[in-house]
Amino acid sequence: MFSQASHNSRVTPVDPVAGSPELLVRISELIEDLSADHVDLLKAFHRIQHEFGYLPHEAVPLLAGKFRTTPAIIFGTIDFYSEVRTAPAAETTVEWCSGPACLLKGSLNIRRALEAILECEMNRTSSNGNFGLRLVQCDGTCHLAPLVRQDGRYIGPLTVSESIEWARRLKGEDGAVQTEGEGAPAEEESSQTAQKVESE
Amino acid sequence: MTLPTYKEMWQQADEVWTRTARAARTLIKVGVATCSRVVGAEETLETLRREVQARRLDADVMLTGCLGLCYAEPLVEVIRPNVPGILYQLMTADKVASLLETAVAADGNAREHALAVMGDKEFGGLPALGSLEFMRGQVRRLMANCGVTDPESIDHYLARGGYEGLVGALRLKPVEVIDEVKKSGLWGRGGAAFSTGLKWEFLYNAKRKPKYLICNADEGDPGSFVNRNLMESDPQLLVEGMIIGGYATEADKGCIYIRDEYPLPVERMELAVAQARERGLVGEGILGSDFSFELEVVRGAGSYVCGDETGLLSSLEDRRGMPKIKPPFPAQAGVFAMPSNINNVESYTNVPLIMRHGADWWAEMGSEKHKGTKMFSLSGQIQRVGILEVPLGTPTSDVVMRMGGGPPKGRKLKAVQPGGPLSGVIPASDVDIPLEPDPYRERGVLMGSGGLVILDDTNCIVDLCVYFEWFAEDESCGRCTTCFAGTRRMLEILRRISSGRGRLADLELIKLLGSIAQNANCFHGQGAPTAVMSMFRFFEGELLEHVERKRCPAKVCRGLVRYEVLHHSDRLPAAEAICPTNAVVRDNGTYRIDQLKCIKCDACREQAPYAIAVVDEFAPA
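Going down the list, the protein sequences come from chains A and B.
Counting from 1, position 19 in the first sequence corresponds to residue 19 in the numbering used here; the numbering is continuous, with no gaps.
To convert a position in the second sequence, counted from 1, into the numbering used here, add 1000.
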């Protein structure tokens, strides 16, 4: 809808790129109706990320061509936004809320415990590739503080002990494997701050 | 295709609304918004729909927005014919069956789940919603539809007086609309508190076309979620506000920039814009006039500085969202170098109310200098987390201590952070000041966008400042050295202090960094040291305790405390079992903590609170 082209000097050579032809065709299809200077780059990121779960690096030259700019500028833009991921997510991603409400209620303790149990640093993937820990920003669900999210499910309010037990179940220790809607041990259900596990 | 006139539209909408809200059968409303969705409101809605059908009950189930009582979500309201609606709290899907049995089928009240009766009068022994501490003193103008209408239905909005303001505005000249907004005294709700009418006049006076009207819904301040609630509970209000703004400033295109972390508001705003377009309220020749206005929803991708007005402009221009250098101001050269105006969600949503009821009615509320109402969100160490709307000038203590219920039982209020990590904090002794920009500014604090985060005596101010500085550093765009390097340096110094290696010279360094930061281009850099400066002003004693005596009074700072087994207790085996790093060690039947392994996660103390204690790392024994 925005139609004021103001960057006429931006000319982009589209590099021949490595990567499977199917992937390139699919990406081209996704961004076909978009154009430069129409507030479309963010839309392109979201579409590609929605399709593949991340933004493959093969998309960069295509985007640069589409948006009449250089791959470097596209890289810079991707790098700027924290919600645009450039690598596939781990099988299970645990998202840790960094917001102030969680912080004041002890989320740093939970972070230390999760990092120790999942053997994984924040914003990294564990060495076996099974778990990823990701730092996310507050989205105002502060009545659940301190909370973690697992693949879109919100879990909170958590005590450190609860988060440790939860992470161990997630990892498959203690015998039991966590599945949705069950697996909460009896003692936890009886406690005042029982886990509230719901799907998004 | 001929588009319906406003009157036809209203009549049709009124029929729809009457059919649902004043029907002779029971109406069950389920509030589904981000805050209730995470505790299972969607399952509740689905289960209710399924069960009502399965039990062949004479009842309708309706989706609605959020009332703002986050602490009691999911909320279900049951309205039986000729009886005021009863609000049931914490209604997860498993409680649906018992609710239907007692409250709908058997014509009684599910008393154990009931929270209140809608309205101001008590009924059947249940308190009125308006008499709850959380609600008493609130003035719900912006939130009038929140939790009452279906946010996904434009008819509900129309039937309750929606778009009346637009019809009124279209009868006036654009300048007259601006005058009305100016007369009301509405100022920008995003934090800068600049007059909205004046800002609109700048854009109106700009000559070049096309002009852009942009809504800043990139509510990035962690701990504030008022815009989110408005967008997902009453999206049409923002659409109407944007259209009126477009008319008043003669803008051609509108754009609502919503942050990536808010998927539901994006969904609902897109739907609202599509519905408005269907009715001819967005697009060519709005309501038969010759005014045309396009509206689009843009989803961000996770960046805090895109909430700065020029950062947002850069983001719209397919680039890194780095704030631009002013001047030129957006009204001269904004998005794509064209005249633009940027306002917060709350600023736009106030305009339909001003146009509908008049500036005088609108200005009845509020204090001498600051008119109108303002929404605030409460989070942190508070009993009732939620969203509320109060007249400006309401004492902060009234909102925090009475409506919010104050910190959890047995704890004392320590400080209030009024709006975002760049806003600073006020101490508990100042909590009586009115909620309006001036008293906060006198204390070197910015009232900001209205996300009140409450600290109690278990929280450490240095720890909080480390967080704020980390946040500022993490989200810095990288343009100004004073910001990207200054915040990093500040973070290093604060981390040094919180780990016990602080020295007195650091205090001077921090102050120096704080004054250098004022040279940054945008408010992100300038505001970065605000919290640290408030710490100097109000909590110097606590800071000195960290630096001089290497002690954290609240026992939070990781480098200044250690865990020790002080007594024996039966809970110690549980502590040993929970420890994620096997740092609780048993030697010949007695327990001790292996300090090299301990990561200070507090789990063992939770398990054995009597036996294990947090002690000062450097204090004399």
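No lab work stands behind these hints, which were simulated from the structure alone.
Note that the Cβ used here is the ideal one computed from N, Cα and C, for glycine as well.
Don't take every hint at face value.
As the list claims (entries may be wrong) - Using C-beta positions, here's what the derived DEER-type ranges look like:
hint	chain 1	residue 1	chain 2	residue 2	range
1	B	1208	A	128	53 to 61 Å
2	A	128	B	1337	47 to 55 Å
3	A	29	B	1056	42 to 50 Å
4	B	1590	A	128	30 to 38 Å
5	A	29	B	1325	37 to 45 Å
6	A	128	B	1410	40 to 48 Å
How the hints compare with the structure:
Take residue 1208(B) and residue 128(A): their Cβ atoms lie about 58 Å apart, and the range 53 to 61 Å holds. At roughly 51 Å, the beta-carbon separation of residue 128(A) and residue 1337(B) lies within the given 47 to 55 Å, and the hint holds. Evaluation of the 42 to 50 Å hint for residue 29(A) and residue 1056(B) yields a pass: the beta carbon distance comes to about 48 Å. In this structure the supplied range 30 to 38 Å holds for residue 1590(B) paired with residue 128(A), their Cβ-Cβ distance being about 37 Å.
Distance hint for residue 29(A) and residue 1325(B): a CB-CB separation of about 39 Å, consistent with the stated range 37 to 45 Å. Checked against the given bound of 40 to 48 Å, the beta carbons of residue 128(A) and residue 1410(B), roughly 44 Å apart, stay inside it.
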